[in-house]
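Number of protein chains: 2
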Amino acid sequence: MLISKMKSEECHEFLARQGVGRLACARDSQPYIVPIYFVYEPDHLYGFTTPGRKVEWMRVNPLVCVQADEVLSQDKWTSVVVLGRYEELSETREYSEERNKAQSLLVKRTSWWVTAYVASVVRGHAEPPLPVFYRIHITDITGLRASTKGSPVRVR
Amino acid sequence: MLISKMKSEECHEFLARQGVGRLACARDSQPYIVPIYFVYEPDHLYGFTTPGRKVEWMRVNPLVCVQADEVLSQDKWTSVVVLGRYEELSETREYSEERNKAQSLLVKRTSWWVTAYVASVVRGHAEPPLPVFYRIHITDITGLRASTKGSPVRVR
Numbered sequence: 011m012l013i014s015k016m017k018s019e020e021c022h023e024f025l026a027r028q029g030v031g032r033l034a035c036a037r038d039s040q041p042y043i044v045p046i047y048f049v050y051e052p053d054h055l056y057g058f059t060t061p062g063r064k065v066e067w068m069r070v071n072p073l074v075c076v077q078a079d080e081v082l083s084q085d086k087w088t089s090v091v092v093l094g095r096y097e098e099l100s101e102t103r104e105y106s107e108e109r110n111k112a113q114s115l116l117v118k119r120t121s122w123w124v125t126a127y128v129a130s131v132v133r134g135h136a137e138p139p140l141p142v143f144y145r146i147h148i149t150d151i152t153g154l155r156a157s158t159k160g161s162p163v164r165v166r
Numbered sequence: 011m012l013i014s015k016m017k018s019e020e021c022h023e024f025l026a027r028q029g030v031g032r033l034a035c036a037r038d039s040q041p042y043i044v045p046i047y048f049v050y051e052p053d054h055l056y057g058f059t060t061p062g063r064k065v066e067w068m069r070v071n072p073l074v075c076v077q078a079d080e081v082l083s084q085d086k087w088t089s090v091v092v093l094g095r096y097e098e099l100s101e102t103r104e105y106s107e108e109r110n111k112a113q114s115l116l117v118k119r120t121s122w123w124v125t126a127y128v129a130s131v132v133r134g135h136a137e138p139p140l141p142v143f144y145r146i147h148i149t150d151i152t153g154l155r156a157s158t159k160g161s162p163v164r165v166r
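If you read the protein sequences in the order shown, they are chains H and E.
Residue numbers for the first sequence follow our numbering, beginning at 11 and rising by one.
Residue numbers for the second sequence follow our numbering, beginning at 11 and rising by one.
It is worth saying that the hints were derived from the structure and are not from the lab.
Take the hints with a grain of salt, since some may be wrong.
When chains are identical, the list treats them as one kind, so a pair holds in a single copy or across two.
[Stated by the list, open to error] Okay, derived cross-link-like pairs now, SDA-like style, lysine to any residue, Cα gap no bigger than 20 Å in a straight line:
1. K15 x R63
2. K86 x V30
3. K118 x D85
Taking the hints into account, I'd like the entire structure generated from these sequences.
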């Protein structure tokens, strides 16, 4: 198996193709992971969710991590890790343009709406709560890619 | 699609079947996610890695989160989240019994060794560094399961 660090452009291309990952937030030093759908735009990830633990935590501490991977086989996989900062696109005039942008990007991924809605139903809301749109400002991206050929690092 | 909260026993059974997940640790409020292999035993997850950012961070702040999922289709999936505390099974007599236990449990998962070794090679170590064995004391487990029938929560 051959493993290589991905170049910045390769990480960006990978995120643009992916729409599913895991987001970690933290409160009082306790991290918490949730699966998310996202849309990548240069320097940002856009997401949508319903109110819950994740949103409460990110309002207090906006530092987050998103990880996305694609595993084709044990020796052929890609994993990208993003460090970033959460920004809620709140229901104010200030954010209306960014909210519309997020909505138009995210509406193409229908399963996303289902997942967010389902989470709210599980938590016992009679009526679906207001959606929460957010964007993550990307501050750092790193990635590793494994393949059976073509990488500069050989594993004996 | 029907979604239900999993009972505690169901979460435990799921973790016992799974061996792959994502671990989040945090330093100075910044979470960080890495893919991991693990072995579940009652109340603990056992893991193995090579020195790196993840280990440095968990030595400072042992609070971690592990998430594992199984996605069969968009409307049939399981996701379990564990909150816990990292404990390094260091190279001391005190930990020799637990280290041996971890090693015997983990050696059955060969891909794990490859992944840990690969990470060390990518970071440029000429010789493989000493492995780091650890266990995670589970303090909380929650899980959601989606299916097309049989769940008490219906999503309209």
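For each hint, the structure was consulted:
{"no.": "1", "hint": "K15 x R63", "verdict": "between (34 Å within a copy, 16 Å between copies)"}
{"no.": "2", "hint": "K86 x V30", "verdict": "both (18 Å within a copy, 16 Å between copies)"}
{"no.": "3", "hint": "K118 x D85", "verdict": "between (32 Å within a copy, 18 Å between copies)"}
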